[in-house]
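**Student:** Quick note, the sequences are listed as chains F and Z, same order. Note that full-length UniProt numbering numbers the first sequence so that position 193 is 193, with each residue one more than the last. Note that full-length UniProt numbering numbers the second sequence so that position 257 is 257, with each residue one more than the last.
For the record, the hints were derived by calculation from the structure and aren't laboratory data. Just so you know, these numbers come straight off a predicted model, no measurement behind them.
If chains are identical, the list can't say which one is meant, so a pair holds when it fits in one copy or spans any two.
With a straight-line cut-off of 20 Å between C-alpha atoms, the simulated EDC-like cross-links for lysine to aspartate or glutamate are:
| hint | residue 1 | residue 2 |
| --- | --- | --- |
| 1 | Lys51 | Glu68 |
| 2 | Lys123 | Glu13 |
| 3 | Lys123 | Asp384 |
| 4 | Lys235 | Glu342 |
| 5 | Lys12 | Glu121 |
| 6 | Lys138 | Asp98 |
| 7 | Lys51 | Asp62 |
| 8 | Lys126 | Asp384 |
| 9 | Lys52 | Glu68 |
| 10 | Lys372 | Asp62 |
Number of protein chains: 2
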Amino acid sequence: MRLSQFFLPTLKETPSEAQIVSHRLMLRAGMVRQLSAGIYSWLPLGYRVLKKIEQIVREEQDAIGCNELLMPTIQPAELWQESGRYEDYGLEMLRITDRHDRNILFGPTNEEVITDIFRKEVKSYKQVPQLLYHIQWKFRDEIRPRFGVMRGREFLMKDAYSFDIDYESSRHSYNKMFLAYCRTFSRLGVKAIPMVADTGPIGGDLSHEFIILAETGESEVFCDKTWLDKDLTGKGVDLNDRTNLEGWVQTTLADYAATDEKHEAENCPVSGDDLIATRGIEVGHIFHFGTKYSEPMGATVLGPDGKDVPVMMGSYGIGVSRLVGALIEASHDENGIVWPEEVAPFRVGLINLRTGDDACDAACEDIYGKLKNAKIDVLYDDRDMRAGGKFADMDLIGLPWQIVVGPKGLANGVVELKNRKTGERSEVTLEAALNQIGA
Amino acid sequence: MRLSQFFLPTLKETPSEAQIVSHRLMLRAGMVRQLSAGIYSWLPLGYRVLKKIEQIVREEQDAIGCNELLMPTIQPAELWQESGRYEDYGLEMLRITDRHDRNILFGPTNEEVITDIFRKEVKSYKQVPQLLYHIQWKFRDEIRPRFGVMRGREFLMKDAYSFDIDYESSRHSYNKMFLAYCRTFSRLGVKAIPMVADTGPIGGDLSHEFIILAETGESEVFCDKTWLDKDLTGKGVDLNDRTNLEGWVQTTLADYAATDEKHEAENCPVSGDDLIATRGIEVGHIFHFGTKYSEPMGATVLGPDGKDVPVMMGSYGIGVSRLVGALIEASHDENGIVWPEEVAPFRVGLINLRTGDDACDAACEDIYGKLKNAKIDVLYDDRDMRAGGKFADMDLIGLPWQIVVGPKGLANGVVELKNRKTGERSEVTLEAALNQIGA
Numbered sequence: 001m002r003l004s005q006f007f008l009p010t011l012k013e014t015p016s017e018a019q020i021v022s023h024r025l026m027l028r029a030g031m032v033r034q035l036s037a038g039i040y041s042w043l044p045l046g047y048r049v050l051k052k053i054e055q056i057v058r059e060e061q062d063a064i065g066c067n068e069l070l071m072p073t074i075q076p077a078e079l080w081q082e083s084g085r086y087e088d089y090g091l092e093m094l095r096i097t098d099r100h101d102r103n104i105l106f107g108p109t110n111e112e113v114i115t116d117i118f119r120k121e122v123k124s125y126k127q128v129p130q131l132l133y134h135i136q137w138k139f140r141d142e143i144r145p146r147f148g149v150m151r152g153r154e155f156l157m158k159d160a161y162s163f164d165i166d167y168e169s170s171r172h173s174y175n176k177m178f179l180a181y182c183r184t185f186s187r188l189g190v191k192a193i194p195m196v197a198d199t200g201p202i203g204g205d206l207s208h209e210f211i212i213l214a215e216t217g218e219s220e221v222f223c224d225k226t227w228l229d230k231d232l233t234g235k236g237v238d239l240n241d242r243t244n245l246e247g248w249v250q251t252t253l254a255d256y257a258a259t260d261e262k263h264e265a266e267n268c269p270v271s272g273d274d275l276i277a278t279r280g281i282e283v284g285h286i287f288h289f290g291t292k293y294s295e296p297m298g299a300t301v302l303g304p305d306g307k308d309v310p311v312m313m314g315s316y317g318i319g320v321s322r323l324v325g326a327l328i329e330a331s332h333d334e335n336g337i338v339w340p341e342e343v344a345p346f347r348v349g350l351i352n353l354r355t356g357d358d359a360c361d362a363a364c365e366d367i368y369g370k371l372k373n374a375k376i377d378v379l380y381d382d383r384d385m386r387a388g389g390k391f392a393d394m395d396l397i398g399l400p401w402q403i404v405v406g407p408k409g410l411a412n413g414v415v416e417l418k419n420r421k422t423g424e425r426s427e428v429t430l431e432a433a434l435n436q437i438g439a
Numbered sequence: 001m002r003l004s005q006f007f008l009p010t011l012k013e014t015p016s017e018a019q020i021v022s023h024r025l026m027l028r029a030g031m032v033r034q035l036s037a038g039i040y041s042w043l044p045l046g047y048r049v050l051k052k053i054e055q056i057v058r059e060e061q062d063a064i065g066c067n068e069l070l071m072p073t074i075q076p077a078e079l080w081q082e083s084g085r086y087e088d089y090g091l092e093m094l095r096i097t098d099r100h101d102r103n104i105l106f107g108p109t110n111e112e113v114i115t116d117i118f119r120k121e122v123k124s125y126k127q128v129p130q131l132l133y134h135i136q137w138k139f140r141d142e143i144r145p146r147f148g149v150m151r152g153r154e155f156l157m158k159d160a161y162s163f164d165i166d167y168e169s170s171r172h173s174y175n176k177m178f179l180a181y182c183r184t185f186s187r188l189g190v191k192a193i194p195m196v197a198d199t200g201p202i203g204g205d206l207s208h209e210f211i212i213l214a215e216t217g218e219s220e221v222f223c224d225k226t227w228l229d230k231d232l233t234g235k236g237v238d239l240n241d242r243t244n245l246e247g248w249v250q251t252t253l254a255d256y257a258a259t260d261e262k263h264e265a266e267n268c269p270v271s272g273d274d275l276i277a278t279r280g281i282e283v284g285h286i287f288h289f290g291t292k293y294s295e296p297m298g299a300t301v302l303g304p305d306g307k308d309v310p311v312m313m314g315s316y317g318i319g320v321s322r323l324v325g326a327l328i329e330a331s332h333d334e335n336g337i338v339w340p341e342e343v344a345p346f347r348v349g350l351i352n353l354r355t356g357d358d359a360c361d362a363a364c365e366d367i368y369g370k371l372k373n374a375k376i377d378v379l380y381d382d383r384d385m386r387a388g389g390k391f392a393d394m395d396l397i398g399l400p401w402q403i404v405v406g407p408k409g410l411a412n413g414v415v416e417l418k419n420r421k422t423g424e425r426s427e428v429t430l431e432a433a434l435n436q437i438g439a
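Please work from the sequences and hints to get the whole structure.
**Tutor:** Listed below in structure tokens is the structure:
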């Protein structure tokens, strides 16, 4: 992509309405613009990141055999009256009346709709387990939206639902999802630590929040420092072997990690330098809730003994749009964003120090073509403006690699290659630069 | 994908609520389920088709240099009051009041929001033309939703917007989009004919509806039969050469094509057998509307002469979810859907005639693995049920190729290869079958 043809309205000034660094940087980097309180338009740079995150989330859901579908944003009130949540949900639910005076709502979550789909189509124990997910915009009418996309009103969420015949099977579905979450966040280049969470009146131990450590996080968290170096990619785990998977989950969870809700200093098994006390951002939550929805809504299957049984369910959320902000909170410096490779909007930023100079233009076109041929996403700053502004913008938007092309270097047969994360710069031949980037 | 692990609730009975064939087939093939009037959940098979169409639409927008972003579904009423459409739009607009009693709405279209983004970020003639698009769910509260996804209330639409400094430049943007639309529909495997449409009080000739011929279409259309064989891929056209592109557009539009709104029998230049009179489904609309929004909303740029000028705009829509139904209307037979290759949810259906038979299972696993290795999407019917039901389901869901594996054939070293569109079947070796499919 040529920057001259890309819609990238960066800002030099720090917008006064932004209280936290991710919000400031997303506005400054031209990633989002607020349309009204807690509601954002995703400009091209931001939308590229959002889609990359979404795609990684999707691939890891697919990998555990979860089926993707798409439920609509608008839901009928009747389903929520059936589950008993229509009155309970409170003012965060955006309630709407359509032209025929029917009560509808903008879905804040989808337990009711997915249970309705399930109960109409699945009738026998032979058709479960079912794992279904979608990635869809939701709306929660937060009384005081803030922190940009981190606590917006309209937000993109992946929510999955499992349906099983009994607790053991449901626990296996939960464990699959636990593995998928560990792998998802590993691929996203962040450490999201699963912490025991409240199960409410349902009880049991099947509820975990995945939390990214960040000083700007919304809540206090505590964990064993062993988490920092723990490999969460689940290499070699056999998804379909219940015992093997359960073993891996238990081993992974053996080290201490708790939110302030669950943490009790006097009972904490870790202490001193081994205990990390910091803040965290919740980016995922997995939760087994048994028959909470299947019973009132009549989602039953015929068991092997010929009797109808309500299915055991779980729900599994990832805040996709929130993750964009959370990743920035976890990875930035004083000059801007530092994107992990997998979610960077482009892998390489190509800076032409002297647009209009024949040698510089020709060299840049050559590099641009080679990177495109190698299927490496590149943003080519071909704008006719001063070098200082180009450097600042490129650091601000945080692409992993920068190739800087100027007349002096070209005269010596070199370009400058900069690694955004380490800040390391080197003068190398074009071939060496492309090599290092992997082109 | 193994069918035993895929959520595909097909129906034998024809649902009584469906009046047109695409609606019936989408329900029977387990592609969608209605949640409430005009609002559908997209089940996995349907969602795969929707995403394939969306991706083709996206690629052709990107190819003309249109920048993708994403605007939210919920919009503030104020912007519509500025443009003057808040009162005009009528009951089709879903009007909402949030918890702070602010007037908001579920966007039925996005001219106001994109104009707002533009006016805040673009200030100079040097920053135009701008071509921006998004693919987002919209809501129109139709008084009587019907025909399934063809006239639903919540629907997926690609809408693009152009911003130019003057009419000539705006016309060039329009022509680029005209080319992108021709290419998009060609890739989708349907003939969508651009027909002159009403420009309302704005006048001029820059408004075309793209219409798929189908007897179940909503309106009468008339066109020269030369359209049927016309190549609309725009091969060799130079996007950036205004004259070249304008020439191609004019040549393409030289043959007669008009909706009943515009058709006048007595003035029609085509007659007799040369004139096709049938019905059509509108799947796209491109429209130049000048300064209709930029003037009231103050979307101006500083011209080269130092004076502010309101930008010339156009909008360009494609009904993405509607296209799923339209493609089925244009391509089905008495047994079910016949997908064009590019949008088929899977390219190949693999039928195991005797699940549980060692030889059949082994052969199918082998074929399944080979197709997956060749990156060919395959749906493997590994269910333990009678062959008749498998054949019927596979014809119903309309995958382009079927490979049928049974014990008799295997004994002779052959499988059956069926082309869904032509109905042609042949007994061939596995290698020959894979060859023909392109694996």
